[in-house]
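S.K.: Here are the chains, one letter per residue:
Protein chains: 2
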Amino acid sequence: MTVLKESDSGITSIAVLASGRGSNFDALCRADTGQGRIALLLTDVPDAPVLDIAAEYGVEALYLSPGKYRTRFSIDAEQVWVDTLNERGIGLVCLAGLMRILKGPLLESFEGRILNIHPSLLPSFPGLRSQAQALDYGVRISGCTVHYVDRGTDTGPVLIQNAIDVLDTDDADSLSARILEQEHLTYPEAVRLHCGGRLRINGRHVEILSQNESTTITGDIRGGCRCTGS
Amino acid sequence: MTVLKESDSGITSIAVLASGRGSNFDALCRADTGQGRIALLLTDVPDAPVLDIAAEYGVEALYLSPGKYRTRFSIDAEQVWVDTLNERGIGLVCLAGLMRILKGPLLESFEGRILNIHPSLLPSFPGLRSQAQALDYGVRISGCTVHYVDRGTDTGPVLIQNAIDVLDTDDADSLSARILEQEHLTYPEAVRLHCGGRLRINGRHVEILSQNESTTITGDIRGGCRCTGS
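Quick mapping for you: the protein sequence lines, in order, are chains A and B. For the record, in the first sequence the residue sitting at position 82 is 82 according to my numbering, with numbers rising by one throughout. For the record, in the second sequence the residue sitting at position 192 is 192 according to my numbering, with numbers rising by one throughout.
Worth flagging that the hints you see were computed from the coordinates, not collected in a lab. Just so you know, these numbers come straight off a predicted model, no measurement behind them. Please note: incorrect hints may appear among the correct ones.
Within a straight-line C-alpha distance of at most 25 Å, the following computed SDA-like cross-link-like pairs (lysine to any residue) qualify [to be verified]:
1. A:K103 / B:Y137
2. B:K103 / B:Q79
3. A:K103 / A:A39
4. B:K68 / B:S109
5. A:K103 / A:L62
6. B:K103 / B:Y63
7. B:K103 / B:S74
8. B:K103 / B:P126
9. B:K103 / A:Y137
10. B:K103 / A:D136
11. A:K103 / A:L64
12. A:K103 / B:D136
Pulled out of the complex, with its shape left as it was, chain A reads as follows:
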């Protein structure tokens, strides 16, 4: 029975990994993330607009090479990302539009401590172009999902989901914009819960504890997340 906290202060240092404009990074910087502090931005795109947002907030921001592949990291490069995170005492990794699949050292080193946000109600519409997939299918309801990252594509245990109505008049842009509004509320809430020790994972199930429970329950806690199963 160990209680792992990033520091005695109970604060979890967060790194955001992003490839693009960084609107979710911006939302995380602006929001109340409770006991989580946005400490680092890493990007695999040298001129990603998200770098400018990090500068605005005074958050350390680094471009790191992802290696030679287009949709994943090379093993050597990924290890550099892991080392960079560890050197800074990062306790939680938030993917926010990172256009690469994690398969190697990042997953191993930060198992149960990597979050992703996805613009659909998973398991519907995983992968790319989720909003267009939803429109092509003709659903009436879509939304967003924050989940822990595992080896699959958008398959990890779900923390939170929020739903929105799809309108007859929607195109991919308008639907994406409305889902994005929800993402900007949902991701900070998930980070608050994780960093506040309010989540207990049992297999695929993520239980949200009351604030009372979170102060009384002990267990195998990693980065604020109580893992009671595998």
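For chain A, the structure is supplied; the task is to place chain B on it using the hints.
M.R.: Chain B in isolation, oriented as in the chain A frame:
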């Protein structure tokens, strides 16, 4: 350009096809189905409890043999179902817990005029045990879907969806019960829209017209449903 109505009165006669307890049949009998009238219950189970509900409401109810297979109809048997529907001037078929997949004459004869209700937000969790599938996955949001029936399993164009929260305390029974409450509201609403000529199908997309639009637009209308694409 033809306007197909089941009769000059604008009333669509509805047959419900069910295998079990018939709670959605009951909901359809109790609810305001607008220009739709529940005229017939067909079941493939000789002692299905739904037969008693039909008797309560004074709705004609028939057991018809499904043939020798367990999960689908034999072709000959399915043709008898079609003949029975046609003899009674049925304009809309509502599946309500029919435990068989339609592949043959029913689909051909009633294309675009067969509805089904499914206890999940499709395309998540098609097939059997949807509520248990949702719990196994660990979603936070589920719901129900009314869709037109095509040759796939729960793959047809979506009319309406309604969402509910999945609770940490839910088991399959409690989740099923809360989704069922939504089903009992959602199915009659879908039937009202279809029978009121308020739906326009274009490929996979079902557009809901305002009552004003539904009285001014003409097109290829089948059983109250405007089909503008295939």
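S.K.: Run every hint past the structure and note whether it holds.
M.R.: Status of the hints after comparison with the structure:
At roughly 21 Å between alpha-carbon atoms, K103 of chain A and Y137 of chain B fall within 25 Å of each other, so this suggested pair holds. Under the criterion of a C-alpha separation no larger than 25 Å, the hint pairing K103 of chain B with Q79 of chain B is consistent with the structure, at around 11 Å. Between the alpha carbons of K103 of chain A and A39 of chain A the distance comes to roughly 24 Å, so the proposed pair stays at or under 25 Å and holds. Between K68 of chain B and S109 of chain B, the direct Cα distance comes to roughly 22 Å. Compliance with the 25 Å bound is thereby established for this hinted pair.
Distance hint between K103 of chain A and L62 of chain A is fulfilled; the C-alpha atoms sit about 21 Å from each other, no more than 25 Å. Proximity of K103 of chain B to Y63 of chain B is assessed by CA-CA distance (about 20 Å); at most 25 Å being required, the pair is judged to hold. Restraint check: the Cα-Cα separation between K103 of chain B and S74 of chain B comes to about 10 Å, which is no more than 25 Å; the hinted pair holds. Between K103 of chain B and P126 of chain B, the direct Cα distance comes to roughly 17 Å. Compliance with the 25 Å bound is thereby established for this hinted pair.
For the hint pairing K103 of chain B with Y137 of chain A, the CA-to-CA distance comes to about 21 Å; that is within 25 Å, so the pair holds. At most 25 Å may separate the alpha-carbon atoms for a hinted pair to count; K103 of chain B and D136 of chain A meet this at roughly 24 Å. Simply put, K103 of chain A and L64 of chain A have alpha-carbon atoms about 17 Å apart, close enough for the 25 Å limit, and the pair holds. The suggested pairing of K103 of chain A with D136 of chain B holds, with an alpha-carbon distance near 24 Å, which does not exceed 25 Å.
The structure meets every hint from the earlier list without exception.
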